[in-house]
Amino acid sequence: MELLQEIAVKVEEGKHLDVVSLVEKCIEAGIGAGDILNKGLVEGMNSIGIKFRNNEVFVPEVLVAARAMKAGLEVVKPVLLKEKVQSKGTIVIGTVMGDLHDIGKNIVCYMLQGAGYDVVDIGIDVSKEKFIEEARSRGAQIIGLSSLLTTTMTYMKDVMDAVRNSDIAENVRVIVGGAPVTREFADQIGAHGYAADAASAVDVVKVLLQA
Amino acid sequence: MRQWTQEILASGGRCAFPLMAYAGADLSGMSIHDIVSDGKLHGACITALATRFPSAAFITAMDLSVEAEAFGSETQYLENETPTITGIIVHDAGEADSLTVPSVGAGRTGVYLEAAAWAAKEISPVFGCLIGPFSLAGRLCGMTETLMNVHGEPEMLHRVLNKTTEFLVNYARGFKAAGANGIVIAEPAAGLISPAHCDAFSSHYVSSIVDAVQDEEFMVILHNCGGSGIHAASMASTGAAGLHFGNSADMKMVMKTVLPDILVFGNLDPVGVVRNGTGDDIRLATLQLLRDTAGYPNFVLSTGCDVPPGTPLQNIDSFFSALAEYNESVICGRCL
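Here the protein sequences come in this chain order: A and B. 1 is the number of the first residue of the first sequence in the numbering used here; add one for each residue after it. 1 is the number of the first residue of the second sequence in the numbering used here; add one for each residue after it.
Source of the hints: derived by calculation from the structure; they are not laboratory data. Misleading hints may appear alongside valid ones.
Stated by the list, open to error - Restricting the straight-line Cα-Cα distance to at most 27 Å, the calculated cross-link-like pairs of lysine-lysine (DSS-like) are:
| no. | chain 1 | residue 1 | chain 2 | residue 2 |
| --- | --- | --- | --- | --- |
| 1 | A | Lys206 | A | Lys130 |
| 2 | B | Lys121 | A | Lys51 |
| 3 | A | Lys70 | A | Lys51 |
| 4 | B | Lys176 | A | Lys51 |
| 5 | A | Lys157 | A | Lys70 |
| 6 | A | Lys206 | A | Lys157 |
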């Protein structure tokens, strides 16, 4: 099997140690870092993402695949920088203030990383100021807001209002998601995108970055 | 409770058992913090709900922090939100082995037993609510870590599950001793794993709880709010006399897969419809669900998860009004 294809298979299987050694082999063989990323690591995550969407695999399988992908990414990152491979986009993501839940947000992070985006996970209980500060300093194009509680989802509007009134308003799009969040709510607060689940978050980001 | 089940199965009409306790806070002038920290107030809150709503049964609050707190996890309290676990206490196999199983009554578990006892004096049936063994392991070890350990460290996970189950068996017995008529086991994390993993890491352990407490007088309902309903067979394998599904489940598919003598509860969206919907939204969604499940006497109308704090009481009225409207139409032979 071709090395890049093998990376994709091992990512899908969640074999992080195998992925690391295969990525090292690819670099030694002079395969371009962009190809290792897109035809190996991202391809494996794409495949698991499709299976996840079709209920063929579940959250644990996505998590171990994402760990394998991240392990490979760490190895190839310095070469990507050296070869000046362009990032597909940067997303700052966090669970809004007052809310300590992170499983949904984590899965979205993994799916976005798997799709080849730079993801900056700023954790849980995040204030509007921190969202803006991190998006500004990282040059992010997207801010992702997560919430699990009906009482904390209202803070998403505070973040939206703060982003709209900030200097990054023109450069940043905001997507929202989480168990109690609906498309109607997203529209109501003026969010640019709504993701019903982790897999659709990738599609929403793709569309927003193309717009 | 066997009789309660038989009455539901034999009834020509439909009944409803929404998972609601926090909704009683507004009725009784309490805060959520009052409910989760004082058994007597909690019991009064459930009784207040029974005075207002014609529910087929009532439940202690779905507080999925209380058992982990009894094990020693840190908990964050807010005045009008359900408590949340903030830290992980089991990081590795060594900590799994040294994890001590708490006694029933530890932390706030006594509050919930007391609440069930107070409510059971006034109303019947009353169900105690407790977390499932896999979801509790997720609270103790971290949810992301637990899900990854399904593949990476299954032996360690099983060691934790043996301890969470030991505690939950005793806690379930505590509800029985307190006079509750049954328990609802909330196992949301099991909806995130495959049906095969659900068998191994959840249902196997849930069946130990069922075996320990379920009999003619005491019923176990297993709630799994994840997934589209594909875990139904695994849930049924626990022997629980009732299965409760979340709002992402396809109830038409679920009803086809569950045996007709098992009560099936579900699954109106508790946030999008019951809390945030208009009266008309609630009416239409309720009638649609009742129509979809019309051929199944073992279906009991419910919410897909607990009715969240802050839900307007008139929305719950709309839910019960739609049920009454449906039942009236069935009696009259009218097609809605």
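Here is how each hint holds up against the structure:
1. Taken as a hint, the A:Lys206 and A:Lys130 pair is honoured in the structure, with Cα atoms around 24 Å apart against an allowance of 27 Å.
2. For the hint linking B:Lys121 to A:Lys51, the alpha-carbon distance of about 50 Å lies beyond 27 Å, and the restraint is violated.
3. Of the pairs offered as hints, the one joining A:Lys70 and A:Lys51 holds, with about 19 Å between alpha carbons and a cut-off of 27 Å not exceeded.
4. Our distance criterion of 27 Å between C-alpha atoms is broken by B:Lys176 and A:Lys51, whose separation comes to about 43 Å.
5. Taken as a hint, the A:Lys157 and A:Lys70 pair is broken in the structure, with Cα atoms around 32 Å apart against an allowance of 27 Å.
6. Our distance criterion of 27 Å between C-alpha atoms is met by A:Lys206 and A:Lys157, whose separation comes to about 23 Å.
In this structure, the earlier hints numbered 2, 4 and 5 are contradicted, and the remaining ones agree with it.
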